[in-house]
Each structure stands twice: as structure tokens, then as C-alpha cells.
Amino acid sequence: MTWWIVVLLVAMALSPLVWLRPSRLQSGQMAQRLAARRLGLGMQLTQQEWPHWLESSPPASCAQYHRPRRSGRSDCWSYWQSAPGVWLNQWREPCSDPALQECLRELPADVYKVEAGAQMIALYWGERGGEVELGAIAGALAKLA
1 MTWWIVVLLV
11 AMALSPLVWL
21 RPSRLQSGQM
31 AQRLAARRLG
41 LGMQLTQQEW
51 PHWLESSPPA
61 SCAQYHRPRR
71 SGRSDCWSYW
81 QSAPGVWLNQ
91 WREPCSDPAL
101 QECLRELPAD
111 VYKVEAGAQM
121 IALYWGERGG
131 EVELGAIAGA
141 LAKLA
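Read in full-length UniProt numbering, the sequence shown has 97 at position 97, and its numbers run on one by one without any break.
The hints are simulated quantities; they were obtained by calculation from the structure and are not laboratory data. Check the hints yourself; a few may be wrong.
Listed next, with one range per pair, are the computed distances between beta-carbon atoms [unchecked claim]: (1) Gln-44 / Ile-5: 43 to 51 angstroms; (2) Arg-38 / Ile-5: 43 to 51 angstroms; (3) Leu-9 / Gln-29: 28 to 36 angstroms; (4) Ala-83 / Gly-117: 24 to 32 angstroms.
The list that follows gives simulated cross-link-like pairs (lysine to aspartate or glutamate, EDC-like), each with its CA atoms no further than 16 angstroms apart [said to hold, decoys possible]: (5) Lys-143 / Glu-115; (6) Lys-113 / Glu-55; (7) Lys-113 / Glu-93; (8) Lys-143 / Glu-102; (9) Lys-113 / Glu-127; (10) Lys-143 / Glu-55; (11) Lys-143 / Glu-93; (12) Lys-143 / Asp-75.
C-beta atoms are modelled at their ideal positions from N, C-alpha and C, and glycine is treated no differently.
Kindly generate the complete structure, drawing on both the sequences and the hints.
Shown next, in the form of C-alpha cells:
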């Protein structure tokens, strides 16, 4: 009988440690983010205000993957993926640059937005997928930087 009490007390003492262990989804996201760092991408969680005309509603807090742009690039643009493979700017005009359109076409379906500024290029991703999708994202950001 006393060993049951000891087992019960040990189980009660260790049960909070189970709460500290990350879930499978969180472990997968951490591994993916570390792989992105190895590929030279920066990552942060950001709050975004999405256009009202997007068909799917992206999450309010989204993962932003970014990399610095090469010097001499001063073009600034933003494109949202309204449907898989359909990229529109803030005025809902489709992408007219063929080289940019080809790079955007390679991206996964759960990439919500790609934007370029004078200093960095950023991509907002739902993080569904694995190494293949991350490689496509890193390749596209490298081409666009």
C-alpha cells in the first residue's frame, strides 16, 4: 500500500513537467524555424492587418520570414495571394512583372503576402509544410533579394 502512495506522489510531482513539454506542432515549428536560420532567413512573429478582400482570412499573428536586400535595389512593392497562384497588389491588380510572377508562382499556397522594401524582403507564411516548402521560400527570397 505504501508503494502506491509513493508512486502517486511521484506522479503528482512530475505532472507539471508534462505541461512544459511543447506539443508536436510547436516542436515542428521550432525545427522549421531553426532550419530557416540555417538557410540564412530571419524569422519573427508579427501582427498584420490583412486586406478585407482576401478570400481566406489569415491569422492575425503570422510568421514573417525575411532576408536583407542587395544594395542598389530600391523598388518597393507588396503582393497578397488571394487564391493559390493568384497574386494581387493593394489595388487588386495582378502582378505584371513576368520575372516576379515566376518567383511568386513557386511559393506554397499558404504564403499570404510578399513585400519588398529598400532594405529587406519579407514573406508572411502560414508554416504548413516541411523542408520542401521552406527550400522553395528560401530560393524565392534569394532570387527576389
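If you check each hint against the structure, which ones fail?
10 and 11
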